[in-house]
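Number of protein chains: 2
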Amino acid sequence: MNVSNRNLINTLKVRVLDSSTGNTVVAILNYKDASKLRLHRGDRIEIYLNKKNVVAIVDESISDIKEGEIGLNFEASNHIKANCGDLARIKPVVKPKSIYYIREKIEGKKLSEEKIKQIVSDIVTNRLSSVEITYFVSASYIRGLSLSETVSLTKAIYSYGEVLDFKKPRSSDILVDKHCIGGLAGNRTTPIIVPIVAASGLLIAKTSSRSITSPAGTADVIEALCDVCLSKDQIISTVKKTGACMVWGGSLALAPADDEIIRVEHPLSIDSDNQLVASVMAKKKSVSSDVVLIDIPIGPYAKVKNKFQARKLKFLFEFVGKHIGIKTNVIYTDGRNPIGKGIGPSLEARDVLRIFENHEDQPLDLRDKALSMAGLLIEMGGKAKKGEGINVARELLESGKALNKFIEILKTQGERALCSNDIEIASYVKCLELKSEGRIKLIRNDYIAETAKVAGAPKDKLAGVYIRKQAGDLVKKGEVVIEIHSQSKHKLDSAVKFFNEHIPFVM
Amino acid sequence: MNVSNRNLINTLKVRVLDSSTGNTVVAILNYKDASKLRLHRGDRIEIYLNKKNVVAIVDESISDIKEGEIGLNFEASNHIKANCGDLARIKPVVKPKSIYYIREKIEGKKLSEEKIKQIVSDIVTNRLSSVEITYFVSASYIRGLSLSETVSLTKAIYSYGEVLDFKKPRSSDILVDKHCIGGLAGNRTTPIIVPIVAASGLLIAKTSSRSITSPAGTADVIEALCDVCLSKDQIISTVKKTGACMVWGGSLALAPADDEIIRVEHPLSIDSDNQLVASVMAKKKSVSSDVVLIDIPIGPYAKVKNKFQARKLKFLFEFVGKHIGIKTNVIYTDGRNPIGKGIGPSLEARDVLRIFENHEDQPLDLRDKALSMAGLLIEMGGKAKKGEGINVARELLESGKALNKFIEILKTQGERALCSNDIEIASYVKCLELKSEGRIKLIRNDYIAETAKVAGAPKDKLAGVYIRKQAGDLVKKGEVVIEIHSQSKHKLDSAVKFFNEHIPFVM
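As given, the protein sequences belong to chains H and Y, one line each in that order.
Start counting the first sequence at 10; every next residue gets the next number (our numbering).
Start counting the second sequence at 10; every next residue gets the next number (our numbering).
Hints are not guaranteed to be accurate.
Pairs count within a copy or across copies, as identical chains cannot be separated in the list.
Stated by the list, open to error - Here are the simulated SDA-like cross-link-like pairs (lysine to any residue), alpha carbons at most 25 angstroms apart as the crow flies:
1) Lys60 - Gly94
2) Lys104 - Asn62
3) Lys75 - Val25
4) Lys241 - Asn87
5) Lys75 - Cys93
6) Lys249 - Ser278
7) Lys420 - Ser130
8) Lys485 - Leu443
9) Lys250 - Gly391
10) Lys392 - Asp174
11) Lys250 - Glu417
12) Lys323 - Ser503
Derived from the structure by calculation, the hints contain no laboratory data.
Source: prediction; values computed, not measured.
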């Protein structure tokens, strides 16, 4: 900002527009005013009214908004309690200091905690545009973030977000949490671990995400069993009552800066380890976790391909955990094949219930993995000695105590299905065989995931695939290896076609 | 883009909106349709109608646009000749291939000519968003562009822009051009060089820019003398008639990809040498230049600070010039002080006219610099032997032939002032003295430029500063060293205050 227009302030007459973006604060100016104020589409202005102020993104209009008027969308008018005809003062947003810090990162300099805090604060208060945030993300990715920068970023993200203190009612209790690096179809340990761990007497307040590119996110799967869109108050009372919750974290805005960063990472699939660790750990801190278990599946078609990459992540998670006061353990797990049998929201939910029911078709790989993770969490939370957690977990599952806890949580959140027979089956199911026979060496995670998506998952809750023969199984000629479930004949056909062109079974 | 929604097409009813962005193609969807189609604000869609199609940026609205409707701004509806009620088909834009090439650049790979062409093509056809273009700019800046990448970028920028062939009517003639790296107040050689060079019998079709951050751009200065906003046809006929033109290049969209790149560079003042060279040389190619002279002023407050930086630029310009068939010479000039006396559109225009008039107050530094550059261009264009161009130039200036050519050009473009007395003077002029006396060693270019801007330049055409004592001059106590010109008392006071706090004269 130059000296010459630093103090340019103009008064415009408010028109409250009957439009909403759901999030972004938008102000529309007549193009003549915009030109006078040297503002362009995408610039930011600060709007002052009623002793409140808000930063809005400028849009231009030739005729909808008259000269001297400013159109405010719902988000803008609501924030400053503006009514039609109010006179609002506007001022171009002074180039925020963080612009200079982002420049420093572009030039390869290391940023101090103060500077990273300023960048994150300016992201949260809407003072940085998407283009400016992109420079930060891109420079952080190409230049890399140091360990201390990663810790600073984590701290800044949670300190400029909301913190949900679930421990208030039971402050002496230990709150444990888990996170999976993801990328593995079916790997739905959360809804099995949460009830077991809660049944052991630990607190566990699990927020999960929906699918972005996968056939199902954990929140999508749990939604087949109960409501996951809870308000903050509902979540706190659920945890207070049951010692646990399993909800969608998306609407809680626990880490708004992180949401913005992820939004600009998405178009280029930017995937920085440091950014990932800061994002995950900040969210864990936002829900007051004391203890976190991180699951890194390693496999050729998983997100983490090898031990080298896994070790780097493990080190980062533990380093950040230590510096923000969260006891963090990282485990490597087998990520060569999908975990469980069902892939897709409802089919995965059915697997989960079958494990609690000790059903003959339960996926034993998923059961074993969930038990060992629950055992570790029970040990980390101090409810079992080292090496004995898995026995405690198994006893809770086999005795039915975990199922009771599960049902208690589902009922508190608003249950949709309490036993595996409650799960609806898709309108179209096609059973498929292979042309070859022999032992299955590997099931390609990427092809399985894509087949489920072509069948309609995660949008069609009942769509997906059900793996009848898992890695290690012997397949005879004519035996069904997989079922494809879909709600539309067309999508079923497309999925069958995709499957036949991309056979995931490696013999 | 996943297999699962690659072919998602929907039909929506057009509503032509009475709004225009001036450039960006916008489509507004009801938020429910947007959600169904998994589209978000800022995503791109392809709209098909009347066998035409256009890529538009999506915006959302809760109530303005009903479900099943699509609102098109002027740019969108005009492009596909849409009328209200038409049924348009829309399809999410498939992730363009160039996204993967930008990723490669982020990872530090060198891009082939094919890949750079694809990126530039996708920028021009609106298939890449601002965020995606920012990744390209940021990766190119941090990773650097190789020589061959810079040549590829230059070629791509001009091949995806319009080419104005000024030589058609006089194809045997040589078209010369010049460019200054800029950053030096007052350095207005163009309107002196163009008439001299044209009077020598060479063609010169000069497009210039307006000020972005400086107190005056060349187009702003020439606008004090004649019209600079000419259509392509008007430009071509001006060159045909006079052998020259001096116009604003901004509305010609000669290099639309470059305009987009500059737009995302601006917020972080990203200033890459390779990008600069590609941008300048592509625009020279777009106007069919055969010969280009590049002026690099070097000085502590100029854009180029030292010989090292200048040598790198010289090499780049000459390398690119050679590979795109433009004979390119680069000269280093003295950039320690502002050039000329007037700073600001009208005051600079007065300097220019005074040089043609051989006026007693003419700025000799500007006269000498323009003569030597015109001389070089005359040599490069083959109208004088090496070392003799400057004599030819001086003769054309002193004989009045250049002034006649100047008046011919001004009249053809629509003259506003033909002699220095025609130039209007600002309402408020304040003469300022220094507290010290002695010889002026240096005049700080940055402080001079800012003083002129605080006084109102370039928006107030008459505002600026007039330097009465230049570097090397002896100043006695009480002597006026500078005049500040302004159209407002308030701005005049601010400029005087700024001047007194930032004295540009170093004794």
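#### Entry: Contradicted hints - numbers only
6, 7 and 12
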